[in-house]
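Using the sequences plus the hints, can you model the full thing?
Quick mapping for you: the protein sequence lines, in order, are chains X and Z.
For the first sequence, position 69 (counting from the first letter as 1) is numbered 924 according to this note's numbering, and the numbering increases by one without interruption.
For the second sequence, position 167 (counting from the first letter as 1) is numbered 465 according to this note's numbering, and the numbering increases by one without interruption.
Hints listed in this document are in silico derivations from the structure and should not be mistaken for laboratory results.
Remember, predicted model here, so these are calculated numbers, not experimental data.
Any given hint could be a false lead.
Unchecked claim - Stretch by stretch, here's where chain X covers chain Z in the computed footprint (C-beta under 8 Å, at least three residues):
no., segment
1, 370 to 383
2, 453 to 465
3, 493 to 505
By construction, the Cβ of each residue, glycine as well, lies at the ideal position given by its N, Cα and C atoms.
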Amino acid sequence: MPLPAPVLGANGPGSWIWWDWVTSHGDTVYAAGREHVILTWWAVVIGLALALPLGVAAWRWHRLAPLVLGVSGVIYTVPAIALFALLVPVTGLSRTTSEIGLVGYTLLILIRNVIAGLDAVPDDVRDAARGMGLTPARMLVRVELPLAVPAIVAGVRIATVTVIGLVTVTALIGQGGFGQLIYDGLLRDFRTPLVLGTVLSVALAATADLALVLLERVLTPWSRVRAAGR
Amino acid sequence: MWRFLGDVAAWFTTSAHWRGDAGIAHRLAEHMAMSGAATVTALAVALPVGLVLGHTGRYGLLAVNVSNVGRAVPSFAVLVLGAQLFGIGAKPAYVALVALAVPPIVTNSYTGVRQVDRDVVAAARGMGMGEARILLRVEMPVAVPLVMAGVRTAGVQVVATAGLAAIVAWGGLGRFIIDGLAQGDTVQLFSGALLVAAVSLSTEVGLGLVQRALTPAGLRAASTAQRRVPVAPGAAPAPGAS
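Spelled out as C-alpha cells, the structure:
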C-alpha cells in the first residue's frame, strides 16, 4: 500500500495534488465545472417546475398526497447508479438520462417542502385574505405561496446540494462534471484529478447553498423586517 | 421494448446467473453482509458520540452540520478516495460505507437527546440519578425514534452506495451494472439495476418496520412525523441515494 504523501509540500505526479497538472489542464477543469453547473441547474429548475404543481395539488387534495409522496419516495430510494442504469435502455448514454435521473431525486425533497410550507401558513392570514375577497386561486398565488417561500427555498437548498453530489455519478454514463475528474483519477490511478474533482464538487455545493441563502433574503424582505423588529 | 423486457426476464430465469461466485445469490449475500457490517460499525462509532454530545450539549453545531457536510461530499468520491488509501476490493468499500453512515447517526442521536425536555432531565437529576443513568434510562428511550430514523437513513444510503462499490473492484449487486456498462450489455445492466433498486427499497421498508417496532408505544404517534427527508437544511439528514 503506497503511503499517502502530505497534501502540501510534495508536488509531483505521485502526490495528492500536482500543481503542474492543474495549471496545464485549466480547460479540462473549466469544461467539467461548466457541465456540472448546467446539469445541476436544469435538474433543479425542472424539478421545481414539476414539484410546485404536484406539491400544491397534494396539499389541496389530501387524497393525492400518499400517491405523489409515495411515487417520489420510491424514486428517491432507488440508488443513483441503478436509476441511471434503468434509463439507459430507453434514453441511452446521454445527457437526457442523467437529467431525468437527477430531476427524479429532487422531487421528493421539493414536494415535501412545498407541502410543509403551505401547511405552515397561519389560518389568521388565510381568513384575512378571504375577508378581503381573494379567490382561492389568487390567495394561493398572492398569499400562500409567498409565505411558503422559506420552506420552498429550504427544499431547493437540500435538493441542489444533493444533486451536485449525484452529478458525479453520471461520470459512469459519460457526463459527470467534476465526477469526470474523479473517475479519471480512478481509471488512471492518478490522485490529482481525483482530489481536484472532489474538492471542487464540495466547493460548488457550498457556494450554491450560500447563494440560495442570499436569494431567500432577497425573496422574503418581510422576514428580515420581522427579525429586526423583534 | 417488449423484446428487451423478454430478454431481461430470460436473464433472470437463466439458472447459471444465480449460481456460483458471480451469481445473483452470492452477490446478494455479499451486498447485504457488507452493508450490515458497515452500518453496525458506524452505529458503534456514531451512537456513543451523538448521545454524549447530546447529553452534554457540547459541539452541537458540529454534530448537526456533520451530516450537511456529508451530503455535499459525493459518495462516488469517497469510494474512489478509499481505493487510493486502501487499495481496491472490499477494504475501501467497507471504509467508505462506514464513513458515509456515521454522519446521519451522529446528527440524529444528538438531536434525539437534545429534544428531551430539560425539565425532565432536571427532575431525574433531582431524584438522585447519575449522569450515565439519566442518559441511559431517561434520554435514550425518548431519543429512540430519531436515532432509528438516522440508522434508517444511513442503512439505506449504505445499501445504495454498496451498489456503486463495484467501481473499486468489489462485488455486490452493483457488479452486474458496472459489468453491463463495461460490456455494453444492456440486459445485464438493466437486470442489475432492478436488483439494486429492489434491495434498497426492501431495506427502506425493513428498517422502517424496525424503527416502528423499537419506538416506545407512548412515542409512536409522534414518531410518524419523523420522516427520512429533512425539510430544513439544519434538520435531520438524508443524503440522497448515492
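Hint-by-hint comparison with the structure:
1. 370 to 383: Held - the segment 370 to 383 of chain Z has 11 residues with a Cβ nearer than 8 Å to chain X, which meets the minimum of three.
2. 453 to 465: holds (count 7)
3. 493 to 505: holds (count 5)
In terms of the numbered hints stated before, the structure departs from none.
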